[in-house]
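Going line by line, the protein sequences match chains L and B. Position 57 (the first sequence) corresponds to 57 in the numbering used here; numbering is contiguous. For the numbering used here, count along the second sequence from 1 and bump the result up by 355.
The hints are simulated quantities; they were obtained by calculation from the structure and are not laboratory data. Misleading hints may appear alongside valid ones.
[As the list claims (entries may be wrong)] Cβ-Cβ distance ranges computed for the label pairs, FRET-style: (1) 100/L x 475/B: 41 to 51 Å; (2) 334/L x 637/B: 22 to 32 Å; (3) 432/B x 164/L: 50 to 60 Å; (4) 334/L x 430/B: 38 to 48 Å; (5) 239/L x 540/B: 48 to 58 Å.
[Said to hold, decoys possible] Here are a few chain B residues that face chain L, going by a calculated C-beta distance under 7 Å: (6) 473; (7) 479; (8) 530; (9) 533; (10) 576; (11) 610; (12) 628; (13) 629; (14) 652; (15) 653; (16) 655; (17) 656.
Note that CB positions come from ideal geometry on N, CA and C, so glycine has one too.
There are 2 protein chains.
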Amino acid sequence: MVAQGEYTEGAPLTRRERMLRACRGGPVDRPPVWLMRQAGRYLPEYRAVRARASFLELCDDPDLAAEVSLQPYRRFGVDAVIVFSDILIPLAALGLHLEFTPGPVIHDPIRAPGDLGRLEGDLTEALAPTCDAIRRIRREVGADVPIIGFAGAPWTLAAYSTEERLSRDILAVRVLAHRDPAFLDALLERLADVTAEALRLQAEAGADVLQIFDTWAGLLSPPAFQRLAGKALARVLEALPSNRPPVILFARGATHLLEDLAALGPDVVSVDWRIDLAEAAARVGSNVSLQGNLDPVALHADPDTVRRLVWRIVEAGRKARGHIVNLGHGVYPTTPVEGVAAFVEAVQNGEGASG
Amino acid sequence: MVAQGEYTEGAPLTRRERMLRACRGGPVDRPPVWLMRQAGRYLPEYRAVRARASFLELCDDPDLAAEVSLQPYRRFGVDAVIVFSDILIPLAALGLHLEFTPGPVIHDPIRAPGDLGRLEGDLTEALAPTCDAIRRIRREVGADVPIIGFAGAPWTLAAYSTEERLSRDILAVRVLAHRDPAFLDALLERLADVTAEALRLQAEAGADVLQIFDTWAGLLSPPAFQRLAGKALARVLEALPSNRPPVILFARGATHLLEDLAALGPDVVSVDWRIDLAEAAARVGSNVSLQGNLDPVALHADPDTVRRLVWRIVEAGRKARGHIVNLGHGVYPTTPVEGVAAFVEAVQNGEGASG
Chain L
1 MVAQGEYTEG APLTRRERML RACRGGPVDR PPVWLMRQAG RYLPEYRAVR ARASFLELCD
61 DPDLAAEVSL QPYRRFGVDA VIVFSDILIP LAALGLHLEF TPGPVIHDPI RAPGDLGRLE
121 GDLTEALAPT CDAIRRIRRE VGADVPIIGF AGAPWTLAAY STEERLSRDI LAVRVLAHRD
181 PAFLDALLER LADVTAEALR LQAEAGADVL QIFDTWAGLL SPPAFQRLAG KALARVLEAL
241 PSNRPPVILF ARGATHLLED LAALGPDVVS VDWRIDLAEA AARVGSNVSL QGNLDPVALH
301 ADPDTVRRLV WRIVEAGRKA RGHIVNLGHG VYPTTPVEGV AAFVEAVQNG EGASG
Chain B
356 MVAQGEYTEG APLTRRERML RACRGGPVDR PPVWLMRQAG RYLPEYRAVR ARASFLELCD
416 DPDLAAEVSL QPYRRFGVDA VIVFSDILIP LAALGLHLEF TPGPVIHDPI RAPGDLGRLE
476 GDLTEALAPT CDAIRRIRRE VGADVPIIGF AGAPWTLAAY STEERLSRDI LAVRVLAHRD
536 PAFLDALLER LADVTAEALR LQAEAGADVL QIFDTWAGLL SPPAFQRLAG KALARVLEAL
596 PSNRPPVILF ARGATHLLED LAALGPDVVS VDWRIDLAEA AARVGSNVSL QGNLDPVALH
656 ADPDTVRRLV WRIVEAGRKA RGHIVNLGHG VYPTTPVEGV AAFVEAVQNG EGASG
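Starting from the given sequences, assemble the full structure and let the hints guide the process.
Written out as structure tokens, the structure reads:
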């Protein structure tokens, strides 16, 4: 267990310096704070934009995508702007017939080895709206605010791409692991290249940090994770250039996989509320920072309670090499805006200021 | 870690003796085996019965319920018969308007403290079909085959009863924990009494073992589990008579709660595939047996593979005080019957017999 280096410099850090240091374990004045799904339906200004455009139209329009990405920065002054998009956009870009109704539907899932060819192709043009959005956000916020790009992990993309409507237990991809492991391996390899390419393009467009979402890895046992999701994630990380931005790895419900996630060598592992951050710090060791981990449901509590819960997380996070304050999962649409405001403010003003 | 006592008696055990000893950590000739949701849609004979009766009609008819309960015993010779019912039946019995479409819908969920009165009432009459089914199963199988009764845990019943259609993250009950903890406490207390009463009635009707399903406890952090689901489970266990049958406690996705589940003092904790049984045995200690833990998806593999996976689980289970071979979660409807047959046979014939 390695406590964070003490911050002894006089000047406050820029948001970008703070985020990069937290990712890499450098000394910070305070932890940075942002929220997964911070641009979303809980915000009235987001709902106003969505009233004029569908979810996919929003992802496809650099102006609108940049606009909604910036909304939580303008309202709360969060310490990072994550570009608005969806992890399934690269699959749609390659030609899968994707719809949101409102959950994702893939009308022509990958069923057999012969379908793998449908996942070939260049992502540059298809990801242009997202990359353009990143450049627009940069023009708006300048050099001192970090921008986060992201992509779905190969295992999670495999889950979505093999089932028309994802079953709760992602049955299709898990059955495939037993019925045709060679096909699944080939699918995961191809999707690892997709993930890596999506991340590389966003880094080139100016993303300072990259987050990989392995939303469905938590259903795997540790050995199955290593053989499937983990092996594919290793391929993604190897495919990124050596001067890549810091990588945050998020897996939902994956407390039992913490050591395996850390062993892959991301800069940050994002953990959910089911584990205490101090315990997580001990388990991931001194080469990895942590992100997290308030239960997003707790933002429904009154603002004073939210602040107290956040201070506890900030305190526990000091045991990690570095710590980015975040939720354990995305903001729910039913979340009161005041809860999110209290969450951000509690980190930025600290316990003394409001306690 | 306590390895199981060696079995040195000459005569083979009856299924009932074997199951009761495994629950309590006595010496056994081999572990007993049954499967969660062993009476279900993967069986053609079950689908034939369901073609003439809805799911709720099936639960409400002692003849049909006994018939489908017995189907997996007749086909595979499993070591225990679990009575066919649903964890939501007691809520429907108390007057909540329950429908399956096919997922459960509660048209009049519990919303406010004033609704708690709707959960009062005697379950004896409402659970009569289930208790009758237990008696019919007994007449069919005799005294030597154990019958399992079951009920939903208070936290899981609270999740279902507070939301019309349960959201994936059981949002309503989790928001309630932050918005109105006193109301939630009262609801959990009332539901603990419902759970205990449902179990007591089934024990009186002849159930040899009781399983409590806390399907949704895995979403809680350890402190939240202790405060909410765990406290209510403790109330259930206290309310049962001291000469109660052995209790198996199942919580899905709850690897992070193992110690907390064991500390409640059930006879058996049922674990899923996300943890190795030997590690689970070390974590629950020497006062608790284990049940589990094959990934139900693995039953889609070829029978030889299923057998190899089962033997590995039987081997790891030797580290536990006692071990009941089972899945980590219910059988999926898409499961091939041959996979289930191989699962049962591998335990009953042992590695030497078929390996």
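Do the hints match the structure? See the list:
| no. | hint | result |
| --- | --- | --- |
| 1 | 100/L x 475/B: 41 to 51 Å | holds, 43 Å |
| 2 | 334/L x 637/B: 22 to 32 Å | violated, 40 Å |
| 3 | 432/B x 164/L: 50 to 60 Å | violated, 37 Å |
| 4 | 334/L x 430/B: 38 to 48 Å | holds, 46 Å |
| 5 | 239/L x 540/B: 48 to 58 Å | holds, 51 Å |
| 6 | 473 | violated, 24 Å |
| 7 | 479 | violated, 35 Å |
| 8 | 530 | holds, 5 Å |
| 9 | 533 | holds, 4 Å |
| 10 | 576 | holds, 5 Å |
| 11 | 610 | holds, 5 Å |
| 12 | 628 | holds, 5 Å |
| 13 | 629 | holds, 5 Å |
| 14 | 652 | holds, 4 Å |
| 15 | 653 | holds, 6 Å |
| 16 | 655 | holds, 5 Å |
| 17 | 656 | holds, 4 Å |
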